[in-house]
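**Q** Now for the letters of each chain:
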Amino acid sequence: MQGSDPYVMANINTPLAALRQVDFSYSPGERLILSGLDMVFPRGKVIALMGGSGSGKTTVLRLLGGQLFAQRGTVEFAGRDIAQCDTAQLYAARRRMGMLFQFGALFTDMSVYDNVAFPLREQGDLSESIIRDLVLLKLNAVGLRAACHLMPSQISGGMARRVALARAVALDPELIMYDEPFAGLDPISLGIAARLIRRMNDALGATSILVSHDVEESFGIADYVYFLAHGKVAGQGSPAEIRASDDATLRQFFDAQPDGPAPFHYPGSSLEEDFGVTTLRSTA
Amino acid sequence: MILRAFRYLGQHTLRYLAVLGYASRMFGIVLCAIPRLGRRLRLVMDQLYFVGNHSLLIIAVSGLFVGFVLGLQGYYTLNKYGSEQALGLLVALSLVRELGPVVTALLFAGRAGTSLTAEIGLMRAGEQLAAMEMMAVNPLSRILAPRLCAGIIAMPLLAAVFSAAGIFGGYLVGVGLIGVDTGAFWSQMQAGIDVTGDVGNGVLKSVVFGVAVTFIALFQGYEAKPTPEGVARATTRTVVLASLTVLGLDFLLTALMFH
Chain S
1 MQGSDPYVMA
11 NINTPLAALR
21 QVDFSYSPGE
31 RLILSGLDMV
41 FPRGKVIALM
51 GGSGSGKTTV
61 LRLLGGQLFA
71 QRGTVEFAGR
81 DIAQCDTAQL
91 YAARRRMGML
101 FQFGALFTDM
111 SVYDNVAFPL
121 REQGDLSESI
131 IRDLVLLKLN
141 AVGLRAACHL
151 MPSQISGGMA
161 RRVALARAVA
171 LDPELIMYDE
181 PFAGLDPISL
191 GIAARLIRRM
201 NDALGATSIL
211 VSHDVEESFG
221 IADYVYFLAH
231 GKVAGQGSPA
241 EIRASDDATL
251 RQFFDAQPDG
261 PAPFHYPGSS
271 LEEDFGVTTL
281 RSTA
Chain W
1001 MILRAFRYLG
1011 QHTLRYLAVL
1021 GYASRMFGIV
1031 LCAIPRLGRR
1041 LRLVMDQLYF
1051 VGNHSLLIIA
1061 VSGLFVGFVL
1071 GLQGYYTLNK
1081 YGSEQALGLL
1091 VALSLVRELG
1101 PVVTALLFAG
1111 RAGTSLTAEI
1121 GLMRAGEQLA
1131 AMEMMAVNPL
1141 SRILAPRLCA
1151 GIIAMPLLAA
1161 VFSAAGIFGG
1171 YLVGVGLIGV
1181 DTGAFWSQMQ
1191 AGIDVTGDVG
1201 NGVLKSVVFG
1211 VAVTFIALFQ
1221 GYEAKPTPEG
1231 VARATTRTVV
1241 LASLTVLGLD
1251 FLLTALMFH
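Here the protein sequences line up with chains S and W, keeping their order. Heads up, the first sequence is in our numbering, so the first residue is 1 and it goes up one at a time. Heads up, the second sequence is in our numbering, so the first residue is 1001 and it goes up one at a time.
Excised from the complex, chain S in its bound form:
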């Protein structure tokens, strides 16, 4: 019986992806972007990853996708340490992931149709008629079936994001990662994108990780929120719990305060020193 199979049971009960005690910097000896980071991404959930600019949110996605590797700690996907995978295993893991890049990253020399068909053609031995059906289904899900013949230069930013979403889910991935999917979108496109992310996740039974600065839209669709600051988890919980938090770092971000734990002024010498006020006073 499948339900009693220990491997299957362990797979269901374990989170789809996790970061455990991860340290990361772009060059050895440089400032740590992530420091002792622990995160768990349970199956079937939409998890929002929030935080200020440079807090390491996108780095987390790149670590999960095996585009970057941690200096310390483990990055797990489906129970396997990504850093220990050889190229074939890494590519096999990536076939179970989909990623939506900040500005879509559509292939500019291909039509909307060919963009969505790209992963299907590259990864499977499917006939063109099956690929056609799958592409039109995916484009229909994002409302752009009729735009399949257009080139990326002929569609708006919001539409490009939706095409990229259709492409990201073309292979029905288990993990879908969204890097700033709402950046630069008008309110209508923003609402559409948010609803699509939730709908895709539920329809595919996938796990979604959503990197975003957009508090309202993210809270509206996320099951769980991680808040990153200085490469660590500064807060986590349901959207309601995060909203109710009185942590100063979280409050500054969610109340959009210019000054607080994240200072408004770049660290450096004082205003008095730069204008020689101290010297003048002492001279006087």
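Just so you know, these hints were derived from the structure itself, not from any lab. C-beta atoms are modelled at their ideal positions from N, C-alpha and C, and glycine is treated no differently. Just to be clear, a hint being listed does not mean it is correct.
As the list claims (entries may be wrong) - One side of the interface only, derived from the structure: several residues of chain W facing chain S at Cβ under 7 Å:
1. Ala1131
2. Met1134
3. Asp1198
Claimed, not checked - Some chain W residues well away from chain S (every beta-carbon gap over 10 Å; in silico):
4. Leu1003
5. Thr1013
6. Ser1024
7. Val1069
8. Leu1072
9. Gln1128
10. Val1137
11. Arg1142
12. Phe1168
As the list claims (entries may be wrong) - Ranges of calculated distance between the beta carbons of each label pair, as one might list FRET restraints:
13. W:Ala1005 - S:Ser156: 40 to 46 Å
14. S:Asp246 - W:Leu1122: 42 to 48 Å
15. W:Thr1013 - S:Gly54: 32 to 38 Å
16. S:Ala183 - W:Arg1015: 34 to 40 Å
17. S:Gly143 - W:Leu1014: 52 to 58 Å
18. S:Gly54 - W:Leu1014: 28 to 34 Å
19. S:Arg121 - W:Thr1182: 52 to 58 Å
Position chain W against the provided structure of chain S, taking the given hints into account.
**A** What follows is chain W alone, placed relative to chain S:
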């Protein structure tokens, strides 16, 4: 002071060696991916059209003008020794052995090489290469290999067009304008040009230049900083590096081939 100079020299040498090693490894991967392009001939054909056909006009026109100049200069020099009958041979040898492969490679670096660098660099800047990697598709096999293959095929063909246009240009000036005997022009050429030694080595040079120029263009694009300034700098580096490499390789190959 001396210690600092040594440290500076050592750091730079190590850095260049690391880049050279990295580029060699990438070259090996791309080269190994070319035989697997058999089932993706369409990709190679598209690139062949892009780098080949789009460079055809500039190559043909340049070849024609170089032929004009060779016809004039050759005639002035040969006339001093009463050997103007050998004009056809002079024009053809100059083009087939040297000017055809070298000038074509330099023009190719400026026309197709810069396009390739800018295209790949903009793909990097637009995260298209990262997106491809995340779809478990290796950009070295899918993007770089068809372009390198197309460059290797296109370069000797373009050099042949350049040489043919140049010989025609030399004929127009030498025979049409100056009045050198047509029979002497063609027969001296036919008698003096060796298919293997001259044409064959010229083609071999073109293939080597094709590999060098195309790979330099692709490498610069692939490693370009993902910013507008980064892509612009990479494009400039392509022209400079490819031109110097072509001239250096030409000296080396000439020394090996024609002794």
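**Q** Each hint: holds or not?
**A** Hints, verified against the model:
1. Ala1131: holds, 4 Å
2. Met1134: holds, 4 Å
3. Asp1198: violated, 40 Å
4. Leu1003: holds, 22 Å
5. Thr1013: holds, 20 Å
6. Ser1024: The assertion about Ser1024 of chain W holds, with a minimum of 19 Å to chain S.
7. Val1069: It holds; Val1069 of chain W is separated from chain S by about 39 Å at its closest Cβ, greater than 10 Å.
8. Leu1072: Given that every Cβ of chain S is farther than 10 Å from that of Leu1072 of chain W, nearest at about 44 Å, it holds.
9. Gln1128: With a cut-off of 10 Å, Gln1128 of chain W comes too close to chain S, as the shortest Cβ separation is near 5 Å.
10. Val1137: Answer for Val1137 of chain W: violated, closest chain S Cβ roughly 5 Å.
11. Arg1142: Violated, since 7 Å does not exceed 10 Å.
12. Phe1168: Label holds. Min Cβ-Cβ 36 Å, cutoff 10 Å.
13. W:Ala1005 - S:Ser156: 40 to 46 Å: violated, 57 Å
14. S:Asp246 - W:Leu1122: 42 to 48 Å: holds, 46 Å
15. W:Thr1013 - S:Gly54: 32 to 38 Å: holds, 34 Å
16. S:Ala183 - W:Arg1015: 34 to 40 Å: Because 36 Å falls inside the window, the suggested range holds.
17. S:Gly143 - W:Leu1014: 52 to 58 Å: The hinted range 52 to 58 Å holds for Gly143 of chain S and Leu1014 of chain W, with Cβ atoms some 54 Å apart.
18. S:Gly54 - W:Leu1014: 28 to 34 Å: holds, 30 Å
19. S:Arg121 - W:Thr1182: 52 to 58 Å: Roughly 56 Å apart at Cβ, these two residues keep to the hinted range, so it holds.
Checked against the numbered hints above, the structure breaks hints 3, 9, 10, 11, 13 and satisfies the rest.
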